[in-house]
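Protein sequence lines, in the order shown, are assigned to chains A and B.
The numbers in our numbering rise by one with no breaks, and the one at position 4 of the first sequence is 4.
The numbers in our numbering rise by one with no breaks, and the one at position 37 of the second sequence is 37.
It is possible that part of the hints are untrue.
[What the hints assert, rightly or not] Pairs of lysine-lysine, PhoX-like flavour, derived with a Cα cap of 25 Å:
{"hint": "1", "chain 1": "A", "residue 1": "Lys-20", "chain 2": "B", "residue 2": "Lys-37"}
{"hint": "2", "chain 1": "B", "residue 1": "Lys-105", "chain 2": "A", "residue 2": "Lys-117"}
{"hint": "3", "chain 1": "B", "residue 1": "Lys-93", "chain 2": "A", "residue 2": "Lys-20"}
{"hint": "4", "chain 1": "B", "residue 1": "Lys-105", "chain 2": "A", "residue 2": "Lys-20"}
{"hint": "5", "chain 1": "B", "residue 1": "Lys-76", "chain 2": "B", "residue 2": "Lys-50"}
Note that these hints are calculated values from the structure, not bench results.
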Amino acid sequence: MILPGDEGKAFELEMPAKAKYVGLARLLAGSIARRMRFTEESIDDLKIAISEMCTNAIVHTGNGKEGKAPVLVRFLAGDGFLTIEVRDQGPGFHPSRVLDQESNDLLSKGFGIPLIKSLVDVFECDSHPQGGTTVSITKYLDGENGET
Amino acid sequence: MDNEEREGAELDIVLESIGGFSLIGLSGEVDVYSAPKLRETIKDLVDDGKYNIVVDLEKVAFLDSTGLGVLVGGLKRVKHHDGELGIICKQEKILRIFRITGLTKVFPIYSSRDELLANVEEA
Numbered sequence: 001m002i003l004p005g006d007e008g009k010a011f012e013l014e015m016p017a018k019a020k021y022v023g024l025a026r027l028l029a030g031s032i033a034r035r036m037r038f039t040e041e042s043i044d045d046l047k048i049a050i051s052e053m054c055t056n057a058i059v060h061t062g063n064g065k066e067g068k069a070p071v072l073v074r075f076l077a078g079d080g081f082l083t084i085e086v087r088d089q090g091p092g093f094h095p096s097r098v099l100d101q102e103s104n105d106l107l108s109k110g111f112g113i114p115l116i117k118s119l120v121d122v123f124e125c126d127s128h129p130q131g132g133t134t135v136s137i138t139k140y141l142d143g144e145n146g147e148t
Numbered sequence: 001m002d003n004e005e006r007e008g009a010e011l012d013i014v015l016e017s018i019g020g021f022s023l024i025g026l027s028g029e030v031d032v033y034s035a036p037k038l039r040e041t042i043k044d045l046v047d048d049g050k051y052n053i054v055v056d057l058e059k060v061a062f063l064d065s066t067g068l069g070v071l072v073g074g075l076k077r078v079k080h081h082d083g084e085l086g087i088i089c090k091q092e093k094i095l096r097i098f099r100i101t102g103l104t105k106v107f108p109i110y111s112s113r114d115e116l117l118a119n120v121e122e123a
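Model the full structure from these sequences, guided by the hints.
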């Protein structure tokens, strides 16, 4: 639904693992979501989610240190949903560390992951020690079809 | 500010004094790129002996968890000196983030500068 005839097509942004590019990813997410006719509230949710995902990826990839691998952001504009995947080549970790993170950990472990989970319909994390991390979110246009 | 610095999220900071508070007026976006500027501003105020701070978010277009973390860090700094750090904001999209993270219970939140002043007068 991104443009007639291009439903289900993916868009990719490869960006240096530097903080100054998070705004660019946010801008792109907002533009795609707006074109897909998400509500302004959902667009705000997606912009926060991608900001959190890219921030984590950049921090885990050395935050601007020279010679670090880029962060890959992939947008899949489907029929009634938008999936955003952020992949880094950082050191990785056990995914249960973030998948199990509950809101009562906020002040000690940070707000990012619980915030993403509360703003999107599907949250997935795939990470392997020394193998990088891929975090994926999906938001549905009607906001009711996904898991929470 | 050179071109390199302008590539990320822009955040303008204006300092004022209001009702015995040091007011930090923000306009722009608070994210991982711009948040250090806010962190330094709060740190400088506390180092300068100003422990009652209020941050005006009314002109903030975007705030994520990095910005929240800086505000929580600032709150811890002023609490260490028996001070307080309040928020001025009535933008629903920003207040929602405070509610989701439970921070409405942590920060005094005022809907306007007038409400802050009225609160100071009552105290």
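Could you work out which of the previously given hints the structure breaks and list their numbers from low to high?
Number 4 - this is the single hint that the structure violates.
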